[in-house]
Every structure is written in structure tokens, then in C-alpha cells.
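A.B. asks: First to last, the sequence lines map onto chains B and X. Count the first sequence with numbering that gives the first Met the number 0 and you get residues 0 to 207, in order. Count the second sequence with numbering that gives the first Met the number 0 and you get residues 0 to 191, in order.
Source of the hints: derived by calculation from the structure; they are not laboratory data. There's no promise every hint is true.
[Unchecked claim] One side of the interface only, derived from the structure: several residues of chain B facing chain X at Cβ under 10 Å: (1) Arg52; (2) Leu65; (3) Arg66; (4) Leu80; (5) Leu81; (6) Ile101; (7) Leu141; (8) Asp144.
[What the hints assert, rightly or not] Over 10 Å on every C-beta distance to chain B, these chain X residues come out as not near it, computed from the model: (9) Glu31; (10) Arg82; (11) Pro88; (12) Ala112; (13) Asp134; (14) Arg166; (15) Thr170.
As the structure is a prediction and not an experimental result, all values here were calculated from the model. Note that CB positions come from ideal geometry on N, CA and C, so glycine has one too.
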Amino acid sequence: MEVPLERLTSPPDGCYGGRLMADYVGVTDGDLARAVAETAGQAEEAESELYRRFASRVRFYGLRHLRDEDAALDLAQQVMLLTIEKLRSGAIRDADQIGSFILGASRTMTIDLKRRERRRERLRDVFVVEPLASAPHDDTSLDLDRLGACLGQLPERERLVMLLTFYAERSARQVGDELTITEGNVRVIRHRAIGRLRACMTGTGGVQ
Amino acid sequence: MTPQCDAPVSDDDLLDYWIHAIDGTDAERIEEHLFGCAACSARFEAMASLGVGLVELVRRGRIGGIVTRSLLNRLQREGVHVRQYVLSPGERVPCAAFPDDDLVVLSLRADFAGSQAVTIALLGADDTLIDQVSDVAVGPKDIEILWATPGDIIRRMPSSRRRVTVRSQSTHPTVLAEYELDHTALPVTGSE
């Protein structure tokens, strides 16, 4: 029986029907794609592993280009469904290029999503519709309380560089111009700050 | 176990890619690498997750400390409700955070000429130290320091008077300016 596409999600415990994710160590992306293509709908484990490897990459690609969590998640679902469908139907000739195929699909769908969003914005300009409710803010996978505490422990200069970098999306040169420090210094500060935040978030070290 | 990468993209380039400081063909080259490399993807996703979280914190007004004028302008443009109090040296201002205020910002004005860094202290009754920010860089052209506090924190503060001092950081620190925050004139809002 063919595996329904909507069942393709990452397993919560890293286990696919008794087979551990560790079983796929050393299995290339191309091998997985071939397994999916050659067994057309019968390779549930290989499909799930392919999804696990790439859905997150597509999501972050979407976040980078769309800056919208919901849109990025939709993109990941659509791209991965398309990929599995194409593999099952034999439409992807070179399985070793599966990463390139997924990237290409991500690019095409992102352009389409941006076009649709622009169209929606034009419509909103014509027909002003008040939102019925605010969107919930529970879509980030990070522990925001912890991140806030970790950020608060950073030295003032590092904290400000982090905000200008990630929130204002300023380059190292722009941050340097704003804070009257060199671009090289900004790169050192942000590298150190990211390391400290990571260590604080993973509990491998507090912010000193 | 994440496989090794023979030609890893540097953390610096991954960050520049994420914030669009790298675009065009250079960005495409990084994307092609990320879609073929689990190790670099994992590093990129960990870094980008921090970025996503930081942006979310900022949008909720859950940041404290020194901010720049450009950062403050951007926050306001993007809908963060900011209440700003402008203080000249020696001035006392009645201050409070209202229910909609995400962020309260003190614009501390002073003459910073001759100073490269200052320490800002928030003092309570009997000059007890409540909060302090050190190593705040200032330049000769600066006329203000913007000190942000989440509205939630201000709303939880008891009715009180607070003093803020700005001191130069040197072997002989001097007080550049003092201000008084009167948190008693308005009814306390929020949960308390």
C-alpha cells in the first residue's frame, strides 16, 4: 500500500517503525532518493528520513526569504510533498542531485509565494480589512524566556550588536559605523556573543 | 551524528547570508552548499534560530538595556508601543508604564564631552542600587543615551521615587548627570 504523503513528518522519538535514525548514518541523500524512487510509495522509512533531512533546510530557506514562520512551514510542507511525488513518479532523473532539486523547488515556490503576497497587499490597499484577532506568538521553537535571560546577561556592547545584527539586519560595517567601532571588531563581538548565547541556551556555559 | 564537511562555510558568512549582508550569486552559492551539506545546515539553523528568537523578543518589547536611536525608530515603525521619557540633567519626571506600553525608554541627556564610556545606575531609597549598566560607549557628538526597560517590569514596580546617575568611567569617575523618576504620581497599573 502506498504511504499517504500527509503522513510524512519527522518522528518525535527519532524512530521509524522500529528503525532508528542512526540506521541511516552513512546513507547518502542520493541513496535515500533512489530508495524512494525505486519502491514508489513503499519506502516509508526512506521518505521520512528524506523529510527529516530536508524539511528543516527548506523551512530556514523560507524564513530567510519570507521572514514569516507560517509561510516558511507551508513552504517546507509543499516542497517536500512535491519532492516525494516527483521521486515516486520517476520524474527526478538524477537522485544524487536531490539537494539541488529541493533547492530549485524552494526557490520557485518562494517566488510564487512572494508574488501572491504582493497581490494580497495590493488588495489590502484597496479593501481595508481589519484583522479579527492578533496572530498567536507561539511559533518559535526556542525558549524565549531563557533566551531573554541569556541576552540580558551579555555585556552591553555584545547585546546591542546582537540586536542591530539580527533585528535591524545591519551588516558588520553598518553596525561599526553606528557604534563607532571597526567592522573587524564588530565581527569579533558578534562571533563571541553568538557563542555565549548558544552556550547559555544549551546549558553548556553561562554568559560570563 | 552529523557528517563532516570538507569545505565548511564560515560562521561569519552564514550570519551575513542570514541577515542579507550577502546576496546575489554569493548567496546562491551558500544556498547550494547548505542544501548539500548537513553539517553546515545544522550550524546555520542553530544560528538562525537564535536570530528568530531575538527578533521575537524585540517585537514583544522584551529587551532591556541600551538601544540606539535607529533601533528605537525601527521598533516604533514596526508597531512596538514605546513610551519615551526625555530627561535633562537635574530634571524630575513623573513616569509610568500604561497597559499598552511594550517598552519604556529613558532618553538621558547630558554633556558627554571628554568621556568615552559611562556607567548608568538606578538607585532606590537610601541610594540602594537597583540596576546598573556599565561600559556604555559614548562619543563627543552624543547628546543622549537611550535606556530601555520592558513595560511589564515598570508596571510591576511599586509606587516609588528613583534616582538615575550617569558617571564617567575613568580612574576618577565623575557624575555627569542625575535625574529623578517619580513613579508615584500615577496609579500603578498591571497585576499589582
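A.B. asks: Once the shortest beta carbon distance from Ile101(B) to chain X is found, is it less than 10 Å?
C.D. replies: Where the cut-off is 10 Å and the nearest Cβ of chain X is about 6 Å from Ile101(B), the hint holds.
A.B. asks: Against chain X, is Leu80(B) within 10 Å by beta-carbon distance?
C.D. replies: Violated: closest Cβ of chain X sits about 17 Å from Leu80(B), beyond 10 Å.
A.B. asks: Please verify that the nearest CB of chain B lies beyond 10 Å from Glu31(X)'s CB.
C.D. replies: violated (6 Å)
A.B. asks: Would you settle whether the hint for Arg66(B) is holds or violated, based on the nearest Cβ-Cβ distance to chain X being less than 10 Å?
C.D. replies: Arg66(B) check passes; min Cβ-Cβ to chain X is 9 Å, inside 10 Å.
A.B. asks: For Arg166(X), which was marked as not at the interface, is the minimum beta-carbon distance to chain B over 10 Å?
C.D. replies: Nearest chain B Cβ is 15 Å from Arg166(X), so the label holds.
A.B. asks: With d taken as the least Cβ-Cβ distance between Asp134(X) and chain B, does d exceed 10 Å?
C.D. replies: violated (6 Å)
A.B. asks: Is the interface hint for Leu141(B) satisfied, with its Cβ closer than 10 Å to some Cβ of chain X?
C.D. replies: holds (4 Å)
A.B. asks: Quick check for students: does the CB of Arg82(X) sit more than 10 Å from each CB in chain B?
C.D. replies: holds (19 Å)
A.B. asks: Could you let me know if the closest chain B CB is still more than 10 Å away from the CB of Thr170(X)?
C.D. replies: Holds, since 21 Å exceeds 10 Å.
A.B. asks: Quick one, is the Leu81(B) hint okay against chain X at 10 Å, beta carbons?
C.D. replies: violated (15 Å)
A.B. asks: Against chain B, does Pro88(X) keep a CB gap of more than 10 Å to every residue?
C.D. replies: holds (22 Å)
A.B. asks: Closest CB-CB distance from Ala112(X) to chain B, is it above 10 Å?
C.D. replies: Ala112(X) is indeed farther than 10 Å from all Cβ atoms of chain B, at 15 Å.
Hint compliance for this structure: hints 2, 4, 5, 9 and 13 are broken, all remaining hints hold.
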